[in-house]
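Enquirer: One letter stands for each residue in the lines below.
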Amino acid sequence: MEYKDYYQTLGVARDASQDDIKRAYRRLARKYHPDVSKEPDAEARFKEVNEAHEVLKDTEKRAAYDALGNNWRAGQDFRPPPGGFHQDFHVGGEDLSDFSDFFSSLFGRDFQGGGAAGSRKRRGQDQTARISIDLEDAFHGATRQLRLQVPELGADGHVSLRERTLNIRIPAGVTQGRQIRLSGQGAPGVHGGAAGDLYLEVEIKPHRHFTPDGKDIQLRLPIAPWEAALGATVAVPTLGGAVNLKIPAGSQSGQRLRLKARGLPGTPPGDELVVLEIVAPPAKTEEARRLYEHMAEQLRFNPRAELGV
Amino acid sequence: MAQRETRIEGIVLDEGLAVTLTELTQLCGSSTRTVQLLVTEGLLRPQGQGPEDWRFSGLEVRRARRALRLRRDLELNLAGTALAIDLLDELDTLRERLRVLEHQLGTRRMRELG
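Protein sequence lines correspond, in order, to chains A and B. According to this note's numbering, the first sequence holds residues 2 to 310 in order. According to this note's numbering, the second sequence holds residues 109 to 222 in order.
I should point out that these hints are in silico values taken from the structure, not numbers from a laboratory.
The calculated label-pair distances, taken between Cβ atoms and stated as ranges, are:
no.	chain 1	residue 1	chain 2	residue 2	range
1	B	I116	A	A43	24 to 32 Å
2	B	L145	A	Q146	35 to 43 Å
3	A	D78	B	R203	41 to 49 Å
4	A	E40	B	E198	17 to 25 Å
5	A	Q146	B	Q134	25 to 33 Å
The beta-carbon is built from N, C-alpha and C at its ideal position, and this holds for glycine as well.
Given these sequences and hints, build the entire structure.
Expert: Following this line, the structure appears as C-alpha cells:
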C-alpha cells in the first residue's frame with residue numbers, strides 16, 4: 002500500500018501546532034467540501050483532507066503516525082509495522098469507512114467503544130454521483146446505465162475498488178439539478194448493517210433548440226415579418242411533437258407566447274415558452290429588393306423613433 | 109472486477125415529495141432534536157403545524173442533508189450553517205439562471221452565424 006503524507010495533504014510543516022492543523026483543515030474543507038466546491042475532484046480531495054485531519058488533530062494518533070519516521074514520501078510503498086498498533090485506537094465519527102488502506106493498517110477499521118466494537122452493526126455510507134441525460138429522456142423517462150467505482154471492504158479488512166453497473170430508471174419530468182435517491186444502493190453496511198443510499202444528481206445535456214428552465218421549456222421561434230404583422234398559424238416543435246400556434250397580428254421580436262402544459266411532465270406540468278424572433282428575408286433577388294424599396298417608400302417607418310433620432 | 113446488473117427505480121427529491129420528521133431523520137442520519145433545531149433556525153420550512161404534522165419536500169430533504177454535512181465537516185454553528193445554506197441556494201439559483209441565459213444566447217448566436 003502507499004504511504005500517505007498527511008502533513009503534505011494539509012500543506013503544513015511536520016512541527017505545525019494543533020491550531021495550525023485545524024486552520025489548514027478548515028481552509029481546505031471550505032475549498033473541497035463536495036457541498037460547496039465546484040472543483041471536479043472535490044469529493045476525492047475532501048476525503049484525503051478529512052483523513053489527514055482525522056490523524057493529525059488527535060495528538061495520540063499524530064504521535065503514532067510521526068513514529069513511522071519522516072523519511073517516507075507520499076506514494077512510497079508502505080508496509081505496516083508487525084502487529085500494527087491499532088488496538089489502542091478508537092476512531093470516532095460515521096463517515097470513516099472510506100479511509101485509505103494506509104489509515105486502516107495504522108489505526109484499524111473497527112471503530113468506537115471497547116472490546117465488542119468489532120462486531121458493531123454500522124450502516125453503509127450514502128454516496129453521490131452525477132448522471133447526464135438528454136432532455137428527451139427527461140420528457141419521456143428512460144433507463145440509463147451508470148458505471149460506478151465503489152470501494153469494497155474485503156474480509157481481510159482491505160479496501161478494493163469494484164466496478165458496479167446499475168440500470169437506472171429515470172422518471173419522466175425530472176429537472177436539472179434534482180437528486181434521485183436510490184435506496185440501499187450506496188456503500189455496503191459493516192457487520193450486517195444496512196447499505197447506504199445512492200443519490201444521483203441529474204444533469205440535463207444542452208439541447209439544440211430547447212432551453213429547459215425548471216419544468217418549463219423555452220424555444221426561440223423564428224417568424225417572417227408578415228407572419229408577425231398579419232398574424233399566422235405556424236407549426237412549433239415541442240418535446241411531444243409539433244403543435245400549431247396562433248401568432249397574433251402585430252407581434253414583435255422578443256414577445257413570449259405560452260403553450261400550456263407542453264413542457265416537462267409533472268403536477269403541474271411545465272409550459273413551453275415560445276419567444277418570437279422576426280427574421281428578415283435576405284434581399285438577394287431583384288424582386289426582393291423591389292419589395293423592400295416599396296415598403297421603405299410606402300411605410301415611412303422609423304424603428305428608432307424611441308431613441309429620439 | 110465482478111459486475112452486478114441491477115435495474116432500479118429511485119425517488120426524485122422534488123417539490124412533489126413529502127416526508128415526515130421520522131423519515132427525514134432516517135434520510136439524514138440525524139436526531140429528531142437536530143432537525144427541530146434546523147426548523148427553529150428557519151433553515152427548514154416544513155408544511156404543517158406541529159412536529160407530528162410536519163411534511164418536508166424533496167428540496168427540504170436536500171437542504172437538511174447539505175446543512176448537516178456542512179455543520180459537521182466545517183464545524184459550523186447553527187447560524188453559520190443557515191447562512192451558508194441560504195447563500196448556496198442563491199448560488200444554485202443564479203448558476204441555473206446563467207445556464208439558461210447562456211444557452212439562449214448560444215442558440216441565438218448559432219442562428220445568426222447561419
